[in-house]
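Chains as they are written, first to last, in my numbering: chain A, 86 to 387; chain B, 1003 to 1579.
Source of the hints: derived by calculation from the structure; they are not laboratory data. This structure is a prediction, so every number in the text was calculated from the model and none was measured. Treat the hints with care, as some may be off.
[Stated by the list, open to error] Straight-line Cα separation of at most 25 Å, DMTMM-like style, residue types lysine to aspartate or glutamate; simulated pairs:
1) A:Lys205 to B:Asp1157
2) B:Lys1422 to B:Glu1140
3) B:Lys1220 to A:Glu176
4) B:Lys1454 to A:Glu234
[What the hints assert, rightly or not] Here chain A is said to cover these stretches of chain B; the calculated rule only asks that three of the stretch's residues, wherever they fall, bring their Cβ under 8 Å from a Cβ of chain A:
5) 1141-1147
6) 1219-1226
7) 1409-1415
[Claimed, not checked] In silico contact screen, one side only, chain A against chain B (beta carbon under 8 Å); selected entries:
8) Ala149
9) Cys150
10) Ala158
11) Thr159
12) Asp178
13) Gly181
14) Pro202
15) Lys205
16) Gln231
17) Ser233
Virtual Cβ for every residue (Gly too), placed ideally from N, Cα, C.
Given next are the chains, with one letter for each unit.
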Amino acid sequence: HRNLNGAGQFFSSGHTNNWAVLVCTSRFWFNYRHVANTLSVYRSVKRLGIPDSHIVLMLADDMACNHRNPKPATVFSHKNMELNVYGDDVEVDYRGYEVTVENFLRVLTGRLPPSTPRSKRLLSDDRSNILIYLTGHGGNGFLKFQDSEEISNVELADAFEQMWQKRRYNELLFIIDTCQGASMYERFYSPNLMALASSQVGEDSLSHQPDLAIGVHLMDRYTFYLLEFLEDIHPASKTNMNDLFKVCPKSQCVSTPGHRTDLFLRDPGSVLITDFFGSVRKIEITMETINLTDPIKQMEEK
Amino acid sequence: FYLYIGAEERRWEASQVGDVDPGMSVAPPHPHTNTDSFQEELVVRPLHSGDIYASFQFRTVWEADFSRGNKVSHYQLFPKSLGQVISKFSVRELHISFTQGYWRTMQWGQPFLPSPPGAELWVWFQDSVTDVDGTWKELTNVLSGIFCASLNFIDSTNTVQPSAAFKPLGVGNVTDHRFLRYATLPREIVCTENLTPWKKLLPCGSKAGLAVLLKSEKLFHSSFHSQAVHIRPICQDQRCKSTSLELRQTLNAVFDLHTSGQAKREWSLFKMFSRTLTEACPLASSSKIYIDITDNSQGEQFELSPASSLLSQAVVLGDRRTFSVYDLTDQATFGSTRSLNLLIRDMLRPLLHAERYVAGYGLQTGEIHTVMYNHHPYRSFPVLLLDSVPWYLRLYIHTLTVTSKGKENKPSYIHYQPSKDRLRPHLLEMLVQLPPNSATEVTVEFERALLKWTEYTPDPNHGFYVGSSVISSLVPSTVATNTSITQEQPLFSSFFPCKEELSYFVRVYTEPLLVNLPTPDFSMPYNVICLTCTVVAVGYGSLYNLLTRSFQIEEPSPGLAKRIANVIRRMRGVPPL
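Could you put the whole structure together from the sequences, leaning on the hints where they help?
So, in structure tokens, the structure goes:
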């Protein structure tokens, strides 16, 4: 069992696998930027090594093949249209009407009907580091799902506590890019949670810039600069969480990003970015020689 | 290999014509061994309107027989994910398609493999299955994970058991329609996340062979795009003592002349797919491209580059067409190319097509009109119409009328299953005889239901979809069709089995309908609560005050002079004024 006192910070992260749950909660064409936000985090996470089988991607609406998209099967992050964050090899696990508060909480807590396929489940264990990214329209203490329902910060905190009780995570990083996003992590009380938000209570998160050809805003500021930051990360980089907290200062973001680390046992300066965004396996190299047993001989037919 | 059909005018040299084999120019299959076989083909057909129709078919034949409960653990070319699904759920036949766009029959002719807009899934289970509904539910969930689609929304409210319209397309005796399930999701979107797992089912993936052409940016920038997976049992040989399992993956796309940004009718593989071919799939026993050159046989300006010496004729959809064949397994095909043009003149007018629309006004009642056109000048033929309408449109079957040329046309077979609220949809199957050269109209009135407030989608003002009607028929043809089941044929002409020589099977899908249901004002509960609380607070508060407030008489405060006098009096010990 983990050592929960101050000496815990001297232990390096004991995770063996990485998971990511990336959710876009907004519907309708003018919320193109929320889908672009989620897809850019998806792209970074895949690039750094987390496979599709360990990513649960939830997109509440389809922007790439939307009839209003002048460039079908693409979602761009910037109006120079260099980076198609949708890509060629994307696997969306929950899409359209399936993105509801109930499904999101069921994925987190693992209480899914028995016939749910594996790609729609979060099969994490007590040695998993999970990255959870939410984006959409939010307010003080809630996040709106598809214009018809919302999830409150109390529900979210309770879901994380359920995950802790069921030993479904080792460490969890929660990032939220909505208006008044810091209110969503105010109520957390389970250990080993680190949270980042794009704006404080009372502030709005703003979008980056519109593209006149596509006709909508392409991305939100916080995630735009987060993507820029993550593009410089590669699987062997040693950048730590303190650099992540500096992403998008007030001069670029107009809102003040916030973070919360009091529930986290390790010092953020010792936590690598790739602990959550990448899937770095710990390999132990041994110089011993191991004798293999004799191969099993086939039984001769009599 | 770069195939360019370009703009210059050159004569088509008749001397280049090689074997015009009325049957096949396909190599005979491998002698029967215990291995899987894989074939791929692409058919390109220029359409009358200047658009171009490309149809890919990938066929894997697996020597496995599940009907006797055999277990399989070795997978060679057949994808393991589908093999496990078939054995676990005792599936005999499975047909699933994802389509974006609507096939315009009158402008484009008949497709080789029809499909309705959205997602369509129909499955024949083995007769050993005891709980078909439970197995169906689990199967749809598993398929939604494999194809990244919301197939888990298929439940009893949109599943029907057609009794006549969807007979098995493979071999077998079972025709008890209790083992058949059919469902459509007309709202389903098709995008790259559905194409990616579909490509992964191919033996060569998208790395070699014809599948390298399947890039999403070009494929989804088209007027019509449909990908499908068809699994069915087929006979291994002429005597049909044992069956093997055939998997056909098909992809149909129609590229629009104008949106692809060109004024001249010039098409090339690069313009359609932004890729060229470099090799055939090494695991394929046959890899061919067929270009439809029937309209060039009169010698119009026509250039196909590089020219091919192989020609083939095939009877497909009642029409004998000539194709120029390129065999990708032959290394000589990949040479340098010239350019050529293609002019399209005439096309066999499709004999059967259908339309559907909603008539009426307001949000209470309406009428569904289905119109079926028979363009044959003197022959009439029967069609089977299948309609599956969700429960929230309450059909009044006593208002069902079928009229042709102004007179009533009584169907010879009607199978109607009424709906149950929130449990199952309406199912209407009718066998209607279409008189020659006529339009037959089927009308039925309906009433819209008011849903419970939790049953509305997050965007109820978009409307609710009603799946396409399916019209299946054996249409008479002037050209004899090849009815042999095992003789090697190109894939595009051998999908639907045909028992008679003088007719061919056609399935036509109508448009899906988009119907508005009466939508409540969802802000009303909030408004009512605010108003009621305000009224109660103001009313109760006032009443409470009136009843319990007691009044006391209060002296007005004295003026300044009197107050000073009172202070002096108090100092003197005298009572105040």
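Notebook entry, point to check: Which of the listed hints are not met by the structure?
Noted result: 7
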